[in-house]
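Please build the complete structure, drawing on both the sequences and the hints.
Just so you know, the sequences run in chain order E and U. Numbered per the working numbering, the first sequence finishes at 1563, counting up by one with no gaps. Numbered per the working numbering, the second sequence finishes at 1563, counting up by one with no gaps.
Hints in this document: simulated from the structure, not taken from any laboratory.
Here are the simulated SDA-like cross-link-like pairs (lysine to any residue), alpha carbons at most 20 Å apart as the crow flies:
1) U:Lys-1499 / U:Asp-1527
2) U:Lys-1475 / E:Ile-1470
3) E:Lys-1492 / U:Leu-1490
4) E:Lys-1376 / E:Arg-1344
5) U:Lys-1485 / E:Met-1479
6) E:Lys-1500 / U:Met-1479
7) E:Lys-1475 / U:Ile-1470
8) U:Lys-1499 / U:Leu-1474
Derived coverage of chain U by chain E (criterion: at least 3 residues anywhere in the stretch with Cβ under 8 Å from a Cβ of chain E; other residues may be distant):
9) 1360–1374
10) 1408–1420
11) 1431–1439
12) 1466–1474
13) 1490–1497
If you only want the chain E side, here are some residues facing chain U, beta carbon under 7 Å, derived:
14) Met-1373
15) Val-1407
16) Ala-1438
17) Phe-1454
18) Val-1459
19) Thr-1463
20) Gly-1465
21) Thr-1469
22) Leu-1474
23) Ser-1494
Backbone N, C-alpha and C fix where the C-beta goes; we use that ideal spot for every residue, glycine too.
Protein chains: 2
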Amino acid sequence: MKIAIDAMGGDNAPKAVVEGCIDAANEYEIEIYLVGIKNEIERYLDGVTTKKGKIHILHAEEIITNEDAPVQGIKQKKDSSMVVGLKMVKDEQCHAFLSAGNTGAFLAGSLLKVGRIKGIDRPALAPLLPTVKGGCMLIDAGANMDCKPKNLIQFAIMGSIYMEKVEGISSPRVGLLNVGAEETKGNELTKQSFELLKKSNLNFIGNIEARDIYSGICDVCVCDGFAGNVVLKNTEGLASTIMTLLKEELMKTTISKFGALLLKNSFRSFKKRFDYKEYGGAPFLGINGIMIKAHGSSDGRAIKNAIRQAKLLYDNNCIERIITDLKDTGVNDIE
Amino acid sequence: MKIAIDAMGGDNAPKAVVEGCIDAANEYEIEIYLVGIKNEIERYLDGVTTKKGKIHILHAEEIITNEDAPVQGIKQKKDSSMVVGLKMVKDEQCHAFLSAGNTGAFLAGSLLKVGRIKGIDRPALAPLLPTVKGGCMLIDAGANMDCKPKNLIQFAIMGSIYMEKVEGISSPRVGLLNVGAEETKGNELTKQSFELLKKSNLNFIGNIEARDIYSGICDVCVCDGFAGNVVLKNTEGLASTIMTLLKEELMKTTISKFGALLLKNSFRSFKKRFDYKEYGGAPFLGINGIMIKAHGSSDGRAIKNAIRQAKLLYDNNCIERIITDLKDTGVNDIE
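Laid out in structure tokens, this is it:
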């Protein structure tokens, strides 16, 4: 498998990206094209040998930063690591593209440069949320604002395939994000989507509420990109606020500081259970190529896990499977 | 001020409700009508004298439970504590109604029995979320699913009045819940609402993301009831999951148990900072009477604080102020 990786994207680039690539190439038989400013990449790669995979450098002069407007960035910075990487997939020289850079540019670039799978109206960004029982795919988490029921069904199909093939869950439980469990609850979109999901051959478990996501009630949580983005960011914000406030309390007195010291391992073990880095990145499903968006703050481990994700998507022919399932379910006959 | 209180609503009713009423009547010059099954209320009230306020019992034979369908419950259980309490406001014998019971029935009953303020198209349920800097009003948190921009402007006006008059914040900062800070972000609803909010005379600070709510970026967070409900339930679910997992870690070893013991006070102080009970209940704003929905798990303190809320809404003529502000802003000339 060949994968193009944006060496310049993310808060810790290129160091963390190169480190993740080295780890991955030691473990997997893959060919990595690290795209970006050559001598900056070489700083971390020089003299390194890898056990199983190969790493090539593909020079690209420009960088799309978080300050760049997405579409403009893609259109104007033609020699950026993002655009050059995407072009590798478009030209079928690579099977996958991975970036920890500007999310908007990543989404716009995937659509503009690589394009959709035939039959998918709107590709969806689909991160995994940590739950008590493992990961729950949130699809869509922000790529599509005003959605139609048909879009949500396509999200559900793609999410199910991902959770089965990449996470190894047989017959993944699909839940529809809603304001209550009853069938009649929700807005027009969820009411109509409920009917369609019920008729589908997915393992649809019905409406779920945002409070139940973390208990692991479902494997795929389907919603429009507005609601999904609210869940994702609310989760990030609340978790970080709770940790900040807790730290403040623990540093208040000598006794509490001593107590916190005794609990160092417990806190570390706790933190690990809520660590997105274990899951790698968020696939952008529905693009005619494997697209993985890693978190901006990814370290080497997160990048390595994102490469692993891309490899599983490739090894399990997930894109082909999406195309087949779309035909089988007849979702595209729905208006 | 006269307030009707559903003595039978909530997980700890009627005990917690009666206790909260006694505390409130010791502190405020109010007249409380405790509505519910007389002898059950008397069990906790017998022989009690209150310092400043008065408590009356108003017998009602039936109870609307959480299992009752909202509208059906209101229509069929005419002699329930909920319906009899609401009727006290409708008949202008009380200024306010408070319940910790079935939320759906509370919302439906408020609309059916008491009705909207003239000029408010859709009343909104508006709880306060805890933030690092105090409470942030989330409006609407689930009463209205598919909203129009006009509804969101009305929510913003009502929320601002509440935060100014009840929480004492001058010129409350209004944020529009969205997927990004930029003006062009969001779905059709938020894009159109942004334009209207920008033109209003509210202290509109622009789009806010769900991650920023807890840092106290705004005093009023405006959104449709679907997104608001997602935020509210996501917050509840995540906070409780984090606490459960943390407790599990702390109970794992002898050392961690000892550390946890030393941190008992820290955890208590931390918990208090995230305690909704401090805020009382969620006002249902836009109804032609003061309506407070207390949390189902309310204890006496939460009930007392909810009564305090109702009193502040009354003392500051908030309903009249909503009517005036609606006229001034001309929001109702918008289609």
